[in-house]
Amino acid sequence: MEITRTVTIEPVTRLEGHGRIEIFLDSQGSVERAYFQVPELRGFEKFAQGRPAEDMPQITSRICGVCPTAHHMASTKALDALYQVTPPPAARKIRELVYSAFFVEDHALHFYFLGGPDFVVGPQAPASERNVLGVIAKVGIETGRKVIAMRRKLRELMALAAGKAAHPVFGLPGGVSKPLTVEDAARFREVADEAVDFACFTMDVFEKIVLGNSGYVNLILSDTFTHRTYYMGLVDENNHVNFYDGAIRVVAPDGHQWARFEPGEFLNHVAEHTEPWTYMKFCYLKELGWKGFSEGEDSGVYSVAPLARLNVADGMATPLAHQAYLKFHGTLGGRPVHHTLANHWARVVEMLYAAERMRELANDPELTDPTVRVLPTAIPCEGVGVVEAPRGTLVHHYRTDPRGIITGANLIVATQNNAARISMSVEKAAKKLITGGQVPDGILNMVEMAFRAYDPCLGCATHSLPGSMPLSVQVRDAAGAPLVVLRRDSHGTVRRE
Amino acid sequence: MPEAFEPKIVAFFCNWCTYLAADLAGTSRIKYAPNTRIVRVMCSGRVDPQFVLEAFAKGADGVLIGGCHPGDCHYQEGNYKALRRYELLRRLLNQLGIEDARFRLEWISAAEGDRVRVVVDDMVEKLRALGPRTPAYRREVA
Amino acid sequence: MKPKIAFYWCASCGGCEEAVVDLDEALLDVADAVEIVFWPVALDFKVKDLAAMPPGSILASFINGAIRNSEQREMVRLLRARSQVVVAFGICAQLGGIPGLANLSDAKGIFAEVYRDGVTPQTLYRENGHTLTLPEFFDTVAALDEVIDVDYYVPGCPPTPNLIRDAVSTLLGAELPPKGAVLAPDKALCEQCPRKDTRPEKLLLKEFKRVHQIVPDLQTCLLAQGLVCLGAATRAGCDARCIRGNMPCTGCFGPTSRVRDFGAKALSAVASVVDCNEQSVIAQIMDTLPDPVGTFYRYSLPSSLLGRRRME
Chain A
1 MEITRTVTIE PVTRLEGHGR IEIFLDSQGS VERAYFQVPE LRGFEKFAQG
51 RPAEDMPQIT SRICGVCPTA HHMASTKALD ALYQVTPPPA ARKIRELVYS
101 AFFVEDHALH FYFLGGPDFV VGPQAPASER NVLGVIAKVG IETGRKVIAM
151 RRKLRELMAL AAGKAAHPVF GLPGGVSKPL TVEDAARFRE VADEAVDFAC
201 FTMDVFEKIV LGNSGYVNLI LSDTFTHRTY YMGLVDENNH VNFYDGAIRV
251 VAPDGHQWAR FEPGEFLNHV AEHTEPWTYM KFCYLKELGW KGFSEGEDSG
301 VYSVAPLARL NVADGMATPL AHQAYLKFHG TLGGRPVHHT LANHWARVVE
351 MLYAAERMRE LANDPELTDP TVRVLPTAIP CEGVGVVEAP RGTLVHHYRT
401 DPRGIITGAN LIVATQNNAA RISMSVEKAA KKLITGGQVP DGILNMVEMA
451 FRAYDPCLGC ATHSLPGSMP LSVQVRDAAG APLVVLRRDS HGTVRRE
Chain B
498 MPEAFEPKIV AFFCNWCTYL AADLAGTSRI KYAPNTRIVR VMCSGRVDPQ
548 FVLEAFAKGA DGVLIGGCHP GDCHYQEGNY KALRRYELLR RLLNQLGIED
598 ARFRLEWISA AEGDRVRVVV DDMVEKLRAL GPRTPAYRRE VA
Chain C
640 MKPKIAFYWC ASCGGCEEAV VDLDEALLDV ADAVEIVFWP VALDFKVKDL
690 AAMPPGSILA SFINGAIRNS EQREMVRLLR ARSQVVVAFG ICAQLGGIPG
740 LANLSDAKGI FAEVYRDGVT PQTLYRENGH TLTLPEFFDT VAALDEVIDV
790 DYYVPGCPPT PNLIRDAVST LLGAELPPKG AVLAPDKALC EQCPRKDTRP
840 EKLLLKEFKR VHQIVPDLQT CLLAQGLVCL GAATRAGCDA RCIRGNMPCT
890 GCFGPTSRVR DFGAKALSAV ASVVDCNEQS VIAQIMDTLP DPVGTFYRYS
940 LPSSLLGRRR ME
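Keeping their order, the protein sequence lines are chains A, B and C. Going by the working numbering, the first sequence opens with residue 1, and the numbers climb by one from there. Going by the working numbering, the second sequence opens with residue 498, and the numbers climb by one from there. Going by the working numbering, the third sequence opens with residue 640, and the numbers climb by one from there.
Keep in mind that a hint or two might mislead.
[What the hints assert, rightly or not] Below 25 Å or equal to it, Euclidean Cα-Cα: the simulated SDA-like pairs (lysine to any residue) are: (1) Lys623(B) to Asp520(B); (2) Lys641(C) to Phe113(A); (3) Lys286(A) to Gly757(C); (4) Lys687(C) to Pro123(A); (5) Lys845(C) to Gln573(B); (6) Lys153(A) to Gly757(C); (7) Lys848(C) to Arg587(B); (8) Lys848(C) to Ala879(C); (9) Lys505(B) to Leu944(C); (10) Lys687(C) to Pro126(A); (11) Lys432(A) to Thr770(C); (12) Lys641(C) to Ser709(C); (13) Lys848(C) to Ile379(A); (14) Lys641(C) to Pro126(A); (15) Lys146(A) to Asp663(C); (16) Lys643(C) to Pro816(C); (17) Lys138(A) to Lys848(C); (18) Lys687(C) to Lys747(C); (19) Lys286(A) to Gly296(A); (20) Lys747(C) to Ser709(C); (21) Lys431(A) to Arg804(C); (22) Lys845(C) to Asn591(B).
[As the list claims (entries may be wrong)] Pulled from the structure, derived: some chain A residues nowhere near chain C, Cβ distances all over 12 Å: (23) Glu40; (24) Lys138; (25) Cys200; (26) Gly215; (27) Thr224; (28) Asp236; (29) Ala252; (30) His269; (31) Leu326; (32) Leu332; (33) Glu360.
Simulated from the structure, these hints should not be mistaken for laboratory data. We put the CB at the ideal spot given by N, CA and C, even for glycine.
Construct all of the structure, not just a fragment, from the sequences and the given hints.
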């Protein structure tokens, strides 16, 4: 077939990071192929080498200024593991409190500033209106101020505990840099209550504007924006969503649990694939293998982030969020939900959970305990830290010399897990929406909506999983003398020494 | 036949000790390698790390700082400051791919004209063995 | 007609974008006073819209991020041609930022680390008759003013809302500062630090501590407690937020105006507090500072005098 036209969307907008979509049309004006290209790369794993491990929470937060707290947290937890220290209870609670506040704020940012405008203003509204200012014009200035005020208060709180909201500084192996005072805790409680109200309000907005619009509902349920893939997320011991800690659970397209493992085993289950036309790499499930950009039981393609988390979890750990979870699955036909645009709804359910969790922690009497540090004494060697970032499962894996200087860093960053499915979503949307060579701006925006639902973070995603990192496990006796050393080389072979 | 590599050394010599020693070497007709470009400073403690970096940035193969022996500084503490800065700067330069042989701090008193010869000749020989510095990368953005 | 402004990001993390959104309610006032014609994180205008604008039609472009690849170079040249004023926004644009640490390696070294399954991204690739391009990944990261003429700088990682508010109103005001000005106070952070009264007259240390080795108290000068705090060498304007978080300053506001190479000056300041005159002991003390480049050049390697590591 003759290629008569190329349509380029450059740059993609209303997301974090750089991207471009190249659409190739055949002679009938139908889409032959669409590519979601990511033109950026910075090389953090390379320049992490030689850095002191304790500097990594602040260095890796610069992978992303929208979700710096996620990297900071994963990195800090990797340091806990590296130095084999457990933070005191107050420190753990402060961390999870800040993290919960961050989740409310980041999910709200996506809903009102990034992805939300497509629904609130309309997918085919003029380009100059499809943004937060258009949202405010639509919902009214009072609501606009409410959103801005909520974000401001949450970020002030994060700065109160973590030094800064943009690039926090408080993470240390074995704790956090400073305790919370009684006044600080009172402030957190006040804002947490507001956050729960705000999350409920946002759910109302979503239900009125999106679920109340049959056109949008049809769009969500349409085949154009649907893929049947595997799903991955962190769950606690009850298999409820947890952003801060837990085990990794993977469910298959038909919903049954396919795998459940500790974060340290991530590299046993996930591998990466490179394409010559993008700097971003594509994660896939190793056991199933890379079968190309395809879905279904046999393909290793999987998804992470809100929709995936609500698919892998049996429920939410807080009451209002759990009700919302039940309504979500009840309305959309049960687990797992394969409709990509349902990510927007799942994100609001998560906002509610994060706000309720924030309230729980803000009311915890241990929060203001002055002991927030345990000083490390072990010789560092290797550590893995995992969290759920707003955009998906995030793993920081460090190896150091005995002085704690990084010799190797593996970062498996949220959006990479979604990379394959995002590419598929963009191509499918392009193929279904563009016919007869008609490419008005509104249609092109609807193609962009296919990636926006994932809330991608492309600065994050241009991170590599640089193959297997050599791993060693040392088992010591009570006196600290080594009993067994197991080593896995970069080909995956394990030897016992 | 290719020209032998002649290392260029920028030398910062303190006014009260090393510079006088270099003068003495001159008047005593002591022959030593002509590879140094000498900059006279009042004290080795005057040498700002920026001077050292600028010398390397402009193409110096080596940088030499010469000062008074510990305890003899005309300004009491200046050479100790130079020593502390040197120890930290040396480590920084290593990380930037500049080997120890290229950056030296030496104590040379006014009477030690011959020591100037010994130090400079030794440094030139070591720099010749290292070879010319790899050229800086073409700045692709320009 | 409202003045037009634009925001763009190069090798950036998006934190500077968040900083603009951190103007909070004031953002609405800014949005009333100006017309934002390009801002990929928030608005849907595309490159073709920018290219179609007449030269100089944008009053001010705020560009953040370092220059890492050819696409970023082309975009900033385009913005320069369309703008009357260009502001290097954030420390990455001003000095290279944390992405500048990649100058300890080069394209080959980075690709070898990142792409290990036998496939490497190509600047030009053909598949089934489709031609795809990717920007060229440079060996060396550069600050913005190595590529285009820059009028003003706003430092920080990211800049604070106060700084941004002041910068915007300065640029919309009647009297513009001299070209090349850094729009932030021209003094060291020590002067603004809430702990400055606890800093001893003569600050001398027998060793340096790494942040995970001590529990610093909440009132005393952090450098006096042995942590490597760069406040003495770093420009003020950030309200000492890291110190309020009980962590030392890492230098993200760059130098004051009298300094050419930030890392060198910061190194000099730190070296001078070492309380020892004996070479072997000094050497031992310096060994307790394990990563000079990462400490002193964390945000400023590309703009430093040497600019990068010399590769073999």
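Each hint tested on the structure:
1. Lys623(B) to Asp520(B): Holds, because 24 Å separates the two Cα atoms, which is no more than 25 Å.
2. Lys641(C) to Phe113(A): holds, 23 Å
3. Lys286(A) to Gly757(C): The hint holds at about 17 Å.
4. Lys687(C) to Pro123(A): holds, 20 Å
5. Lys845(C) to Gln573(B): Given pair Lys845(C), Gln573(B) holds - Cα atoms ~20 Å apart, limit 25 Å.
6. Lys153(A) to Gly757(C): violated, 48 Å
7. Lys848(C) to Arg587(B): holds, 20 Å
8. Lys848(C) to Ala879(C): holds, 20 Å
9. Lys505(B) to Leu944(C): holds, 18 Å
10. Lys687(C) to Pro126(A): Cα-Cα ~16 Å, so holds.
11. Lys432(A) to Thr770(C): Holds, at roughly 22 Å.
12. Lys641(C) to Ser709(C): violated, 32 Å
13. Lys848(C) to Ile379(A): holds, 16 Å
14. Lys641(C) to Pro126(A): holds, 20 Å
15. Lys146(A) to Asp663(C): Answer holds: Lys146(A) to Asp663(C) is near 11 Å, not above 25 Å.
16. Lys643(C) to Pro816(C): holds, 20 Å
17. Lys138(A) to Lys848(C): violated, 54 Å
18. Lys687(C) to Lys747(C): violated, 32 Å
19. Lys286(A) to Gly296(A): holds, 15 Å
20. Lys747(C) to Ser709(C): Given that 25 Å is the threshold and the Cα spacing comes to 16 Å, the pair holds.
21. Lys431(A) to Arg804(C): violated, 45 Å
22. Lys845(C) to Asn591(B): Holds - the C-alpha atoms of Asn591(B) and Lys845(C) are around 24 Å apart, at most 25 Å.
23. Glu40: violated, 7 Å
24. Lys138: holds, 15 Å
25. Cys200: The assertion about Cys200(A) holds, with a minimum of 22 Å to chain C.
26. Gly215: Holds, because the least Cβ-Cβ distance between Gly215(A) and chain C comes to about 20 Å, which exceeds 12 Å.
27. Thr224: holds, 20 Å
28. Asp236: Since the minimum Cβ distance to chain C is about 28 Å, Asp236(A) lies beyond 12 Å and the statement holds.
29. Ala252: Holds, since 25 Å exceeds 12 Å.
30. His269: holds, 16 Å
31. Leu326: Non-interface label on Leu326(A) holds, nearest chain C Cβ at 34 Å vs cutoff 12 Å.
32. Leu332: holds, 28 Å
33. Glu360: holds, 24 Å
Checked against the numbered hints above, the structure violates hints 6, 12, 17, 18, 21 and 23; every other hint is satisfied.
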